[in-house]
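**Student:** Sequence:
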Amino acid sequence: MKNRLILLFLLLLHDSVNAQNRIENLIIITTDGLRWQEIFNGVDTVIANNERFNEKDSSYIYRNYGASNPFESRKKIFPFLWSTFLKEGQLYGNRAYHTNVNTANPYRTSYPGYSELLTGYTDLTINSNSFPNNPNANFLGFLHKQPQFKNQVAVFCAWETFNRILNEPNIGFPVIAAFDKTGGAHPTEKEILFNSMLTSSYKPWNYGECLDVFTHHAALEHLKTKQPRVLYIAYGETDEWAHSGKYKSYLNAAKQVDEWIEEIWTYVQSQPKYKNKTALILTTDHGRGETWRWTEHDSSVPASDQTWFGIMAPGIKAKGEVKTTIQLYQQQLAQTMAALLGLKFKAEHPVAEAVEEINK
66 MKNRLILLFL LLLHDSVNAQ NRIENLIIIT TDGLRWQEIF NGVDTVIANN
116 ERFNEKDSSY IYRNYGASNP FESRKKIFPF LWSTFLKEGQ LYGNRAYHTN
166 VNTANPYRTS YPGYSELLTG YTDLTINSNS FPNNPNANFL GFLHKQPQFK
216 NQVAVFCAWE TFNRILNEPN IGFPVIAAFD KTGGAHPTEK EILFNSMLTS
266 SYKPWNYGEC LDVFTHHAAL EHLKTKQPRV LYIAYGETDE WAHSGKYKSY
316 LNAAKQVDEW IEEIWTYVQS QPKYKNKTAL ILTTDHGRGE TWRWTEHDSS
366 VPASDQTWFG IMAPGIKAKG EVKTTIQLYQ QQLAQTMAAL LGLKFKAEHP
416 VAEAVEEINK
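Taken in order, the sequence shown gives residues 66 to 425; the numbers are from this note's numbering.
One should not assume that every hint holds.
Think about it this way: if two alpha-carbon atoms lie no more than 16 Å apart in a straight line, the pair counts; the simulated EDC-like pairs of lysine to aspartate or glutamate are [what the hints assert, rightly or not]:
hint : residue 1 : residue 2
1    : LYS340    : GLU89
2    : LYS215    : GLU89
3    : LYS289    : GLU327
4    : LYS340    : GLU153
5    : LYS141    : GLU324
6    : LYS409    : GLU421
7    : LYS342    : GLU153
8    : LYS152    : ASP122
9    : LYS320    : GLU137
10   : LYS313    : GLU116
11   : LYS140    : GLU324
12   : LYS340    : GLU328
13   : LYS152    : GLU386
14   : LYS255    : GLU286
15   : LYS388    : GLU421
16   : LYS384    : GLU422
17   : LYS141    : GLU327
18   : LYS340    : GLU327
19   : LYS268    : GLU225
20   : LYS291    : GLU256
21   : LYS425    : GLU386
22   : LYS388    : GLU422
23   : LYS246    : GLU233
24   : LYS382    : GLU153
25   : LYS268    : GLU286
26   : LYS141    : ASP323
27   : LYS338    : GLU89
28   : LYS210    : GLU413
29   : LYS210    : GLU233
30   : LYS313    : GLU89
31   : LYS246    : GLU286
32   : LYS246    : GLU256
33   : LYS140    : GLU327
34   : LYS382    : GLU422
35   : LYS140    : GLU386
36   : LYS140    : ASP323
37   : LYS152    : GLU286
38   : LYS289    : GLU233
39   : LYS342    : GLU89
Everything labelled a hint here was simulated from the structure, so no lab data went into it.
Construct the complete structure from the given sequences, taking the supplied hints into account.
**Tutor:** What follows is the structure, given as structure tokens:
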């Protein structure tokens, strides 16, 4: 009898722990073209010292982001990533430890990169940013078709091309991209204000991409008022400032994204629906070149297939900066995210296997 009571207690304890570690929600955040070099090494002094790239303000770069070593410099650019996220999550992509993450697609541009990330598949016909609507099923659309996630998926993107990447006409829910209005038929007062500000805002990239601040606050307001189970936010300024050769602005944009991630996570952990029930995935779509070619990325630019990702979730071991010798690919993240939610992502096309390392 005593042994039975002990066994019953252990079973109840196991069920309780599993309940506490159950992942019910998912937040995916990407920031376009952010290099692993800054994530893990902080300021690239070769670029920062070059007047062609430092916007004639290297003193600002070093004052705000410089340090005596890469470990302190990276903390200045990404304070949340290298504090809370490091303590509670896993970060992959530091090639100094041979923890390699690459795009599987050979094109190293944004549409192919995001397609690979979200479909779990490398479609070689998707070879440019001008490709029409994506014919491949994506993970977010798959979730929307599951009864428990029906109308519980939300997407906010700075770049207009996400309408095609996610094939909005067929996905089943709105893709709020670039200058699309937020809030649907019944926007909140804040959403009405956001829409008005967005319409009259400065448009450095015309109507192809809005400033990240609008994408962020639209997504945050939706998170607070609608509380979806799955939220994808795609920021874009890191890539835009890099293409312009503006290293100071690139670093500022990266720092701002880190601050926004912290804001989102702080809110998530304050809400009973989300607290200790939510997985957070951070990554990018492609890498960039090195030294004077840091502004570029495509099949002709060495190193621009090198990426990174981070994961923080209940029940996942807090490994911090992963230093295991391993080769991972961007296409593995779709199935990895499905597995976190207890699902198997199935499509008519092949789907790459999940990253097993996160559970070791």
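**Student:** Compare the structure with each hint and give your call.
**Tutor:** How the hints compare with the structure:
Proposed proximity of LYS340 and GLU89 is supported: the alpha carbons are some 10 Å apart, at most 16 Å. Note on LYS215 and GLU89: the hinted pairing holds, with a Cα-Cα distance of about 14 Å set against a maximum of 16 Å. Restraint check for LYS289 and GLU327: satisfied, since their Cα atoms lie roughly 15 Å apart, inside the 16 Å limit. Under the criterion of a C-alpha separation no larger than 16 Å, the hint pairing LYS340 with GLU153 is consistent with the structure, at around 14 Å.
For a cut-off of 16 Å, the pair hint linking LYS141 to GLU324 stands: about 11 Å separates their Cα positions. A C-alpha spacing of about 14 Å is found between LYS409 and GLU421, which places the hinted pair at or below 16 Å, so the restraint holds. With a C-alpha separation of about 14 Å, the suggested pairing of LYS342 with GLU153 holds against the 16 Å cut-off. This hinted pair does not check out: LYS152 and ASP122 have alpha carbons roughly 34 Å apart, beyond 16 Å.
For the proposed pair LYS320 and GLU137, the alpha carbon gap of about 14 Å is at most 16 Å, so the pair holds. This hinted pair checks out: LYS313 and GLU116 have alpha carbons roughly 11 Å apart, not beyond 16 Å. Restraint check for LYS140 and GLU324: satisfied, since their Cα atoms lie roughly 12 Å apart, inside the 16 Å limit. Note on LYS340 and GLU328: the hinted pairing holds, with a Cα-Cα distance of about 14 Å set against a maximum of 16 Å.
Restraint check: the Cα-Cα separation between LYS152 and GLU386 comes to about 9 Å, which is no more than 16 Å; the hinted pair holds. Using a Cα cut-off of 16 Å, the hinted pair LYS255 and GLU286 holds, with the two alpha carbons roughly 8 Å apart. With a C-alpha separation of about 15 Å, the suggested pairing of LYS388 with GLU421 holds against the 16 Å cut-off. For the hint pairing LYS384 with GLU422, the CA-to-CA distance comes to about 10 Å; that is within 16 Å, so the pair holds.
For the given pair, LYS141 sits about 14 Å from GLU327 by alpha-carbon distance, which is consistent with the 16 Å threshold. The hinted pair formed by LYS340 and GLU327 meets the criterion: a straight-line CA distance of about 14 Å does not exceed 16 Å. Restraint check: the Cα-Cα separation between LYS268 and GLU225 comes to about 13 Å, which is no more than 16 Å; the hinted pair holds. As the CA atoms of LYS291 and GLU256 are separated by approximately 12 Å, the hinted pair is consistent with the 16 Å bound.
At most 16 Å may separate the alpha-carbon atoms for a hinted pair to count; LYS425 and GLU386 meet this at roughly 14 Å. The suggested pairing of LYS388 with GLU422 holds, with an alpha-carbon distance near 11 Å, which does not exceed 16 Å. Of the pairs offered as hints, the one joining LYS246 and GLU233 holds, with about 15 Å between alpha carbons and a cut-off of 16 Å not exceeded. The suggested pairing of LYS382 with GLU153 holds, with an alpha-carbon distance near 8 Å, which does not exceed 16 Å.
This hinted pair does not check out: LYS268 and GLU286 have alpha carbons roughly 22 Å apart, beyond 16 Å. Under the criterion of a C-alpha separation no larger than 16 Å, the hint pairing LYS141 with ASP323 is consistent with the structure, at around 10 Å. Restraint check for LYS338 and GLU89: the C-alpha separation of about 9 Å stays at or below 16 Å, so the hint holds. With a C-alpha separation of about 15 Å, the suggested pairing of LYS210 with GLU413 holds against the 16 Å cut-off.
Distance check on the hinted pair: LYS210 and GLU233 sit about 14 Å apart at the alpha-carbon level, within 16 Å; holds. The hinted pair formed by LYS313 and GLU89 fails the criterion: a straight-line CA distance of about 38 Å is larger than 16 Å. At most 16 Å may separate the alpha-carbon atoms for a hinted pair to count; LYS246 and GLU286 meet this at roughly 13 Å. A threshold of 16 Å between alpha carbons decides the hint, and for LYS246 with GLU256 the separation of about 8 Å falls inside it, so the pair holds.
At roughly 14 Å between alpha-carbon atoms, LYS140 and GLU327 fall within 16 Å of each other, so this suggested pair holds. Using a Cα cut-off of 16 Å, the hinted pair LYS382 and GLU422 holds, with the two alpha carbons roughly 10 Å apart. At most 16 Å may separate the alpha-carbon atoms for a hinted pair to count; LYS140 and GLU386 meet this at roughly 13 Å. Only pairs whose Cα atoms come within 16 Å are accepted, and LYS140 paired with ASP323 is accepted, the gap being roughly 10 Å.
For the suggested pair LYS152 and GLU286, the alpha carbons sit about 28 Å apart, so the restraint of at most 16 Å is broken. Of the pairs offered as hints, the one joining LYS289 and GLU233 is violated, with about 24 Å between alpha carbons and a cut-off of 16 Å exceeded. For the given pair, LYS342 sits about 5 Å from GLU89 by alpha-carbon distance, which is consistent with the 16 Å threshold.
Hint compliance for this structure: hints 8, 25, 30, 37 and 38 are not met, and every other hint is.
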